[in-house]
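With these hints in hand, go ahead and build the complete structure from the sequences.
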Amino acid sequence: MITTSGLTKRYGRVTAVDGVALRVGEGDRYGLLGPNGSGKTTLVRMLLGLVFATSGEIEMMGEPVPRRVHRVLPDVGALVEAPGLYPHLSGRANLAHLDAAGPGGRRGRRARVGTALERAGLGGVDARPVRAYSLGMRQRLGLAAALLRTPRLLVLDEPTNGLDPRGIREIRDLLAELNAAGTTLLICSHLLAEIEELCTHVGVMDAGRLVLQRPMGEVRAPTGLVAVRTPDAGRVRALLDGRVERHDGERLLVRAADAAELNARLVRAGVRVLELRPERRTLEDVVLSVTGHGSDRPA
Amino acid sequence: MIAVELRAMLRRPRTWASLLLLCGLPAIVAAFLAVTGIAPAPGQGPAFLSAVLSNGTLYPAAALAMDLPLFLPVAVAVAGGEAIAGEAAAGTLRYLLVRPVGRTRLLAAKLAALAAYVLLAVVAITATAYLAGVLAFGSAPAGALSGTGLAAVSLSGTGLSTGDLLLRVACAMLYIGACMLGVGTVALALSTFTDAPLGAALGALAALVTSQVLVSLDAAAAVHPYLPTRYWLGWIDFFRAPILWHDIQRGLALQAAYTAFFLALAWANFATRDVTS
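Respectively, the protein sequence lines represent chains A and B. For reference, each letter of the first sequence is one residue, going 0 to 298 in numbering that gives the first Met the number 0. For reference, each letter of the second sequence is one residue, going 0 to 276 in numbering that gives the first Met the number 0.
By construction, these hints were calculated from the structure, which means they are not laboratory data. Using N, Cα and C, we set each Cβ at its ideal position, and we do this for glycine too.
Residues of chain B clear of chain A, computed beta-carbon distances all greater than 10 Å:
| id | residue |
| --- | --- |
| 1 | A107 |
| 2 | S138 |
| 3 | L165 |
| 4 | T193 |
| 5 | L201 |
| 6 | S210 |
| 7 | S215 |
| 8 | R239 |
| 9 | Q248 |
| 10 | F260 |
| 11 | A267 |
| 12 | N268 |
Chain B stretches covered by chain A per the calculated footprint, using a threshold of three residues with CB under 8 Å from any CB of chain A:
| id | segment |
| --- | --- |
| 13 | 7–20 |
| 14 | 90–103 |
| 15 | 269–275 |
Written out as structure tokens, the structure is:
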């Protein structure tokens, strides 16, 4: 779906994006993470033909970008940073304006706008101008704009910005549903939990470079430790002798290759186990281990 | 896309507010003149104003002369400066471009909307001024100034028939429209360089003020024929008998050159520029 090679963007002396080789497969849910100023947005803008690369190649849906970007964009829905809306128009009028600006005719416009609003949870929106909208409503309207004409690829920058927990959940479900129907997702965020929950692939940017790009399953590999909760913590320590890495009240962290075997052994010894689970690396650990400070905190 | 931009222009409250202001000035002046009956002496104040007391049908020309030096160029520069920079500032530019709207197409649509706005403004000023003029001063010919059966008097003193006058007013409107489009394209070009619509408008106005100062400066006589505002008042020559074509032709050619240059500049910049707004 998206392939870039050696993609670089320099603004004067600053290298915003540095030799990025991004690979997003058809049907992926790709989460792009990275601290502020790591080049996520510049990368996305280059994919959309808004910013021109200093060097490197981009191919989207088999077409070279930006040379043939006009062939690609009709199948792309995008939310780049904040939604851009005309404050004096209603939500419906905003979408109708965008729809009319794109290719395709007037026929079915009302239905397309209605469907997009419905999907973004704004089905009951009235004729108030957008200037009266709350942050969350604007965000939903931006999403609705991206969903116009059911794109094959959705590029979303911070899609749940400004939404309340229920709204975040709704949008996540919506995105999962769209993905199940075949839409590829590329989501930029610095909300790790959101990416962890939704995405099948992760890319991490730091200081303009793509420092990690892997399927989520590999990123969240087991750490070789098993978390055990038991009221008989003392007996476990005695039993396992030296394999307990950490001990905090009822909770223990035990080095063990096979959690099932550990469990069987504990039970055989008559240890009462409340909870036992192999520990995986969290996305947060991984991201923090490969990234530095963001640009919002000058060294 | 042109239709989309035209509709957007017509739906913008600012369009109507600016038209109201542009038409309001001549209406206020007409009210004062009609109440007091004190007209400026010939050769003083805005062109044509001395003649309107005797004949209201000439008031559209007087109204154009009032709005031309400052009001109209400001309105057009603001509209032109808004074109691209306004979309950038509102954050809508990137969404239009990824819809996708080609950059050249967007620029062409913005230019069309700007031209439509200029035309709308000039027509609105003329129409409301005609109404105000006829209401305030009547359309009856004043015997002292014009011959029998003639509605108005040209600046050179000979009479003009109503049809002839309307034709001349229409020509003047188009000429002024062309001059204003020149201003608009300067603002449009600057609008592709910045994300601040006010900055683009101010830049265009700065160019105009500079031009107007230089036009009045004898020391700058060498560059006078090339200054954008040099032939702005050329439309007055439409009301002379016979019409003096020299300044009109020079003015149109000059505006065409400026318009073409700044359009090319706008296109060259916008088509190759990173959109980071």
